[in-house]
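Student: Just need the whole structure built from these sequences, with the hints factored in.
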Amino acid sequence: MDSFGYLRCLFIALVLFAVPAVEARNDNLQVVVITNASVSSHALSTSQLRRVFSMRQLTWPDGQSMRVFVLNNKHEAHEAFCVGTLNMFPYQLERMWNKLIYSGLGEAPTEVASLDEMLEKVMTTPGAIGYVPSSIVPSENIQIIRLEEG
Amino acid sequence: MLENRLPYFFIVASSLLHAYVQAEEVEVHGFIAQGLIQAPHSNYVDDEGDLSFDLTEAGVNASYRLTPSLRVAGQAVYLNAGNRYAEGARIDYLFADWTAINTLDTQLNVHVGRYKNYHWYYSSIQDVPHARPSIILAQSAYIDAFRDVALGSDGVGLIWQKATDNGEWEVDWSYGTANISREQMQNLLSDIAQGELNQDFVHQFSVKYRDVMSNWQVGFSLLDSDFTYDATPDEILYSGDAVSQRIMVYGVYNWKNLEIVSELMRERAIYNGILSPDFFNQSVAEGGYVQAKYHFSADLSITARLDLYDRDKEDRDGTRLSQMSGGTIPSYFGYMDQAMLGVSYDFAENWRVQAEVHRVKGAGRLAPLLAPDPIANDRKYWNIFALHVMHWF
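Chains as they are written, first to last, in UniProt numbering: chain A, 1 to 150; chain B, 1 to 393.
Hints were generated in silico from the structure; no laboratory data involved. All residues carry an ideal CB built from backbone N, CA and C; glycine is no exception. Keep in mind that a hint or two might mislead.
Just a few of them, taken from the derived set where beta-carbon distance is under 10 Å, the chain B residues facing chain A [as the list claims (entries may be wrong)]:
#, residue
1, 29
2, 52
3, 63
4, 125
5, 177
6, 179
7, 181
Tutor: As C-alpha cells, this is what we get:
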C-alpha cells in the first residue's frame, strides 16, 4: 500500500468512528414560536418554519413583510428551537444564512441579545416572528403559533 | 504598494458603509481573510513552491429592497491567491431578484444580471472564506482555475422552491455566459495564449431535495457549455472551440455534530483545434469527494476529505496522456487525488482561524490545463499547507 493508500484508510476510519460527543445541552427545553399579533397566520408546518427561519420566506400570505428574530447560535433556546422544532442543527441554519447573505439570495435575520429583547421586538414589530421557551408567558400583542405536521 | 493596501482599504470603507446603512433598508456585509500557504514541488500557488502570503480575500456585498418583491444584490471581491486565480478585484454577482411567486409553501425567484451559480452544493459560497468548509475546496468539482467561470454568469436564472409535508424541493435553471479575463485564459490554456477565449453560453439545471423528518439532502445538476478561442495571427496556438458537459450528484447527511457531504461528477470535454488546426480530443473525466466535518462545539470543528479525480476515464493512470506527449508530460498529470485534514476555530465573534494540510497524488487539476507544466510540478506526491485568518460582518 502506498502512502496515499494509508491516507485513504485513515480517512475512512475517521468517518466511520467519529462518534458524536456533544448532545443538545437541554433536551427538555420546550420552545414555542411567537409572532406579533398583527400576523394573520395562526399555524405553520415544520417545512414552512424552516423556510421562514432560513430566510427564504419574506412576506406573510396577506402581503405583510416578515421580520425574523433569532437568538445567538450559542443560546440554549436557539439550540432547542433548531433541534426540537426545525429538526436541524444550529450549524446548518447558520450555513444557510451565510449562503443567503453572501450569495445574494436573501437577507440575514435580526439577532437579539436576550429573551427579553426577543419578546420586546416581537411585541413591537409588525410582522415579527421569533421563539421563546414555553415557560415564558408571552406578553400582550403576541400570539403563539400552532405547529402542524409536515 | 497600492495593490497591497487595496483589501484593507476595501474593508475599512465597507465597515463604514455597514455602519452608515444600519438605519436604512440596505443590507451590507463583507469579509476579509489573509493567510499563509505553501505547496512545495508544484505551481499550485507559485512556480517556486515557496511559503507565500498569496492567500488574500476581501469582499463586500449589499442588497437593497426596492419593493416587497423586487431587490437588487451585488458583491465585489479582491483576490490574491498566486497562480490559483487571476489577482485583482471583480464583481462576483450583481443582479435584480424578482420574487414572482411567494406563498408559505412555494416561491419562484427570477434573477437577471450577473447571477450566481446555485447548482452545486458549495458553488454559491466558494468565494466566501468563512462559509466554505475548508480553505481549499475539493478540486475535482471546484477546480480553482475555473473559479470565475464557475461562480456565476451574465444572464438569467430561475429558482423554484416548494415546501411539502415530506420535505423541501428546489429546482434551479440558468442560462448565460461568463466573461473570461486574459489572466484567466492564460491560467486555463497557457502563458503562450495571446488570443481571446470566450464562453459562448453555459446552460445549467439542478434539482435538490431535503427531507424534513430526517437529515438527508440529495440533488443532481447538469451543465452544458461551449467555448471559442480566437487566436491572433502571430501566435503558436490556433483558433478552435471546446465543449464542457458535466453531470453531478450530491448527498449530505447530518447526524448530530457530524456532517458528511459527497459530490460525484462526470465531465465530458471536447477540444477542436487550438493546439493544431486538426487537433481533436474528447475525454470523459470522473471525480468526486467524501467529506466529513465534525463540530466539537459551535466554535471548533475538524474536517477530513478524500477527493479523487481522473482526467480521462479511459486513461485513469495517465499512461496514454504521457505517450501522446512523447513522454514530456508525466503520467501523473492524468489524475489528482487529494486527502485533506483541517481544523477551524472561532476565537472571537466573527473571527476564525483555519489550518489544513493536503497530501496530493498527481497533478491533473493544476493550471495551465491544456499545457501542463512538468518542470514546476516535478513530483507525483506533493503537499499543501495553509493557514487562514478571517473576519466577517
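Student: Next step is simple, just say for each hint if it's right about the structure.
Tutor: So, going through the hints one by one against the coordinates:
1. 29: Hint on residue 29 of chain B: holds, closest Cβ of chain A at ~5 Å, below 10 Å.
2. 52: violated (24 Å)
3. 63: Constraint on residue 63 of chain B satisfied, holds at 6 Å.
4. 125: At about 5 Å, which falls below the 10 Å cut-off, the nearest Cβ of chain A leaves the hint on residue 125 of chain B intact, so it holds.
5. 177: violated (19 Å)
6. 179: Constraint on residue 179 of chain B not satisfied, violated at 18 Å.
7. 181: violated (21 Å)
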